[in-house]
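*Asks:* Spelled out from the first residue to the last, the chains are:
Protein chains: 2
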Amino acid sequence: MITVALAKGALLKDSVRRFAAAGLDFSALLDADNRQLRVPSTCGRARALLVRNADVAVYVAYGQAQLGVVGYDVLKEHPLPVAQLVDLGFGGCRMAVAVKATSGYSRAADLPPHCRVASKFTRCAEAFFADLDLPVELIHLTGSVELGPITGMSEAIVDLVATGRTLQENGLVAIDELFHSTARLIGHPLALRLDAGPLQALVDRVAAAGSPPSGP
Amino acid sequence: MITVALAKGALLKDSVRRFAAAGLDFSALLDADNRQLRVPSTCGRARALLVRNADVAVYVAYGQAQLGVVGYDVLKEHPLPVAQLVDLGFGGCRMAVAVKATSGYSRAADLPPHCRVASKFTRCAEAFFADLDLPVELIHLTGSVELGPITGMSEAIVDLVATGRTLQENGLVAIDELFHSTARLIGHPLALRLDAGPLQALVDRVAAAGSPPSGP
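Sequences listed follow chains C and W, in order. Take the first sequence: its letters are residues 1 to 216, numbered as in the numbering used here. Take the second sequence: its letters are residues 1 to 216, numbered as in the numbering used here.
In case anyone wonders, no lab produced these hints; they're calculated from the structure. Here the structure is a predicted model, which is why all the values come from computation and not from measurement. Accuracy of the hints is not assured; some may be wrong.
Treat identical chains as interchangeable: a pair holds within one or across any two.
To be verified - The calculated SDA-like cross-link candidates involving lysine to any residue, where the alpha carbons are at most 25 angstroms apart (straight line), are: (1) K76 - T142; (2) K76 - A196; (3) K100 - N34; (4) K76 - C115; (5) K100 - A61; (6) K100 - E155; (7) K8 - S27; (8) K13 - L134; (9) K76 - T122.
Sequences and hints are given; from them, build the entire structure.
*Replies:* See below:
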């Protein structure tokens, strides 16, 4: 039986739609009353594991799921031995450097050396500022990163920006971009190599299903 | 002005009650409609920062909050230069090793060497198994750790257990305890040293207020 690890949260609805278009119905996961973390597909030939965004690649890397859907941002921040199979197109957002709108900085290279930068993605931020040759002090936060500049704890943040509304509401502005992120279909390399056909067929169907528009 | 960092989630209600008993009313934080992350006390002499559990000690360590309330478990997992001032008593839970009820293991030392252990608290787990002199492979997860043994990814988990209901619902059983955790009042060491009186007076009032029973 094929197991697919899907991330709770923003990617779930589009993930379920994409697998539905590929012939596997996991719509029970979208039921607000669902408390199950393992849900069989309606056809009974596959099942979904509902896990945290950051855990999808872990289950795939350890072979507990043969496939998974996760944001490219998470794969960049927590590299794991999984195969990136398909860029699913949805869940688009960008990893950006943001500062207070009143700060006067217009790009990351303007930031003062050794300033503090708060982020949930400190590895991505570390690589970016190392490339810039700008030494900064990284502060790891797990949420509400916009509080960094608001409280004065940090000069800048590195965070995911989708609509930009959170930045705007908090008087922040994006001044530089690290990379663009979308949802990816990932796979367990050994499972793909040992596959007699059905796994690759499913990957092909997911790839062919295209990215349906996100809506209510 | 005194700033207090409070954790979203399970500790919030008791934290607000305890500060209310000490003379600072942050009850606006309990309003379900509240979207503000910085809320002034009713008297206007202090304010609360509403942040993630794991971030409370960060804001206190960097001096953006002089005081904070956070679980001992988080302080153990992410050591930061903050002063532990008062054991607040509420938020009691234990960090435990749990396995499948059908596994036959009755204590952590029974686990096979080099088995996999999944946890959100991999540093605590690492120290515990090092003390036991039992080599294990730790798998870091960010949520729903009980899926580790259920999917067969790990032999055991190390996780916080409050009522034990989650373990029971998932056919797991606790076989060993790492430590007991409760909420702690923490402080910024320099702020405490430079304090002319009001900060210590607040700490004393919070300590004296005792732990009101948790209720609906």
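*Asks:* Please go over all the hints and tell whether each is borne out by the structure.
*Replies:* A quick look at each hint next to the structure:
no. : hint        : verdict
1   : K76 - T142  : both (16 angstroms within a copy, 16 angstroms between copies)
2   : K76 - A196  : neither (30 angstroms within a copy, 47 angstroms between copies)
3   : K100 - N34  : between (40 angstroms within a copy, 23 angstroms between copies)
4   : K76 - C115  : within (24 angstroms within a copy, 28 angstroms between copies)
5   : K100 - A61  : between (39 angstroms within a copy, 22 angstroms between copies)
6   : K100 - E155 : within (8 angstroms within a copy, 47 angstroms between copies)
7   : K8 - S27    : within (13 angstroms within a copy, 30 angstroms between copies)
8   : K13 - L134  : neither (39 angstroms within a copy, 42 angstroms between copies)
9   : K76 - T122  : both (11 angstroms within a copy, 21 angstroms between copies)
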